[in-house]
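With the hints as constraints, model all of the structure from the sequences given.
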Amino acid sequence: MSESTESRSQRAARRAGEFPPVPEPLPRPVLDSHTHLDITVSEAGVPGGGDPADPVAAAIDVAAAVGVDRLVQVGVDVASSRWGAEVAGSYPVVLATVALHPNEAPRLADLDGALREIEALAGQERVRGVGETGMDRYRTGDEGRAAQEESFRAHIAIAKRYGRTLVIHDRDAHADVLRILDDEGAPDTVVMHCFSGDAEFAAECVRRGYLLSFAGTVTFASAGALREAAALTPLDQILVETDAPYLTPVPYRGRPNASYLIPLTVRALAAATGADLDELCAAISATGERAFGPWHPAGVGG
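Convert by adding 551 to the 1-based position in the sequence shown; the result is the number in my numbering.
Just to be clear, a hint being listed does not mean it is correct.
[To be verified] Cβ-Cβ distance ranges computed for the label pairs, FRET-style: (1) W634 to L783: 15 to 21 Å; (2) W634 to L786: 31 to 37 Å; (3) Y689 to G760: 33 to 39 Å; (4) E637 to P785: 34 to 40 Å; (5) R704 to A822: 35 to 41 Å; (6) H847 to P785: 23 to 29 Å; (7) A776 to G736: 25 to 31 Å.
Because the hints were derived from the structure by calculation, they are not lab data.
We treat Cβ as the ideally placed atom computed from N, Cα and C, and that holds for glycine.
Structure (structure tokens):
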């Protein structure tokens, strides 16, 4: 979750519910590996003009129409993690992850109690990941660093106990994230959510076998280093995400994001990597199933 990268005017536009038009569909289905449906429907409204009585189904429907047929709903605190687990149990195309966001941990009066609640959720069948967890030096100062690190280490342990994919939030904290993963021992599958490093950091993550998930930031004019990072990442280690309602791809930056806009980011990734679009979609889909699946979708909206 990277709302802090938006300007005040961009946040205002996003909250106004000005969803962009529906893009051209992809040739093969892919997933949105990281979305916040709860924040999207509460702040921005109903994507695609669907039924406001069931905004989650509306978001699923408009995404499916452009080839985004699976979603991973990501928790950032106890409440959103519970909500995500419930939604994943109700909609066959949604899976969930559960966690305390790195910037949430230092604010909690009872961090241990919150971690126990996250662990209880992590054992549910439709919960397939632990995250977003990690380190954030942008919003958390020195006074909160110990709690943040304690929380990250606890999440790593939970992911390993339950065999879940670890979804990492890393903001200005590359060295810290790698150090802690080395200390604790990484789970079998690690996703670097909204990858924000350069080519050198990408190469290190690739060497370790981590999956790099690229968001709409890869479309930004200023993101040359990010496109270089994508270009050296093997196709079978690439995921794509929205981080919706944040990080809307160009040319709609500042307007609310949703899973149906994934095709814009996938096409930007194809250009950056030189990959055939059909081949890239197939690789992203297979990697998503390896990391989180299978979804066993039984139809949109459950």
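Hints and how they fare:
A C-beta distance of roughly 37 Å is found between W634 and L783, which places it outside the suggested range of 15 to 21 Å. Look at W634 against L786: about 33 Å separates their beta carbons, and that is inside 31 to 37 Å. Distance hint for Y689 and G760: a CB-CB separation of about 26 Å, inconsistent with the stated range 33 to 39 Å. Between E637 and P785 the beta carbons are some 35 Å apart, a value that agrees with the proposed interval 34 to 40 Å.
A hinted range of 35 to 41 Å holds for the C-beta pair R704 and A822, which are about 38 Å apart. Under the hint 23 to 29 Å, the C-beta atoms of H847 and P785, about 27 Å apart, fit the expected range. For A776 and G736, the Cβ-Cβ distance of about 29 Å falls inside the hinted range of 25 to 31 Å, so the restraint holds.
Hint compliance for this structure: hints 1, 3 are broken, all remaining hints hold.
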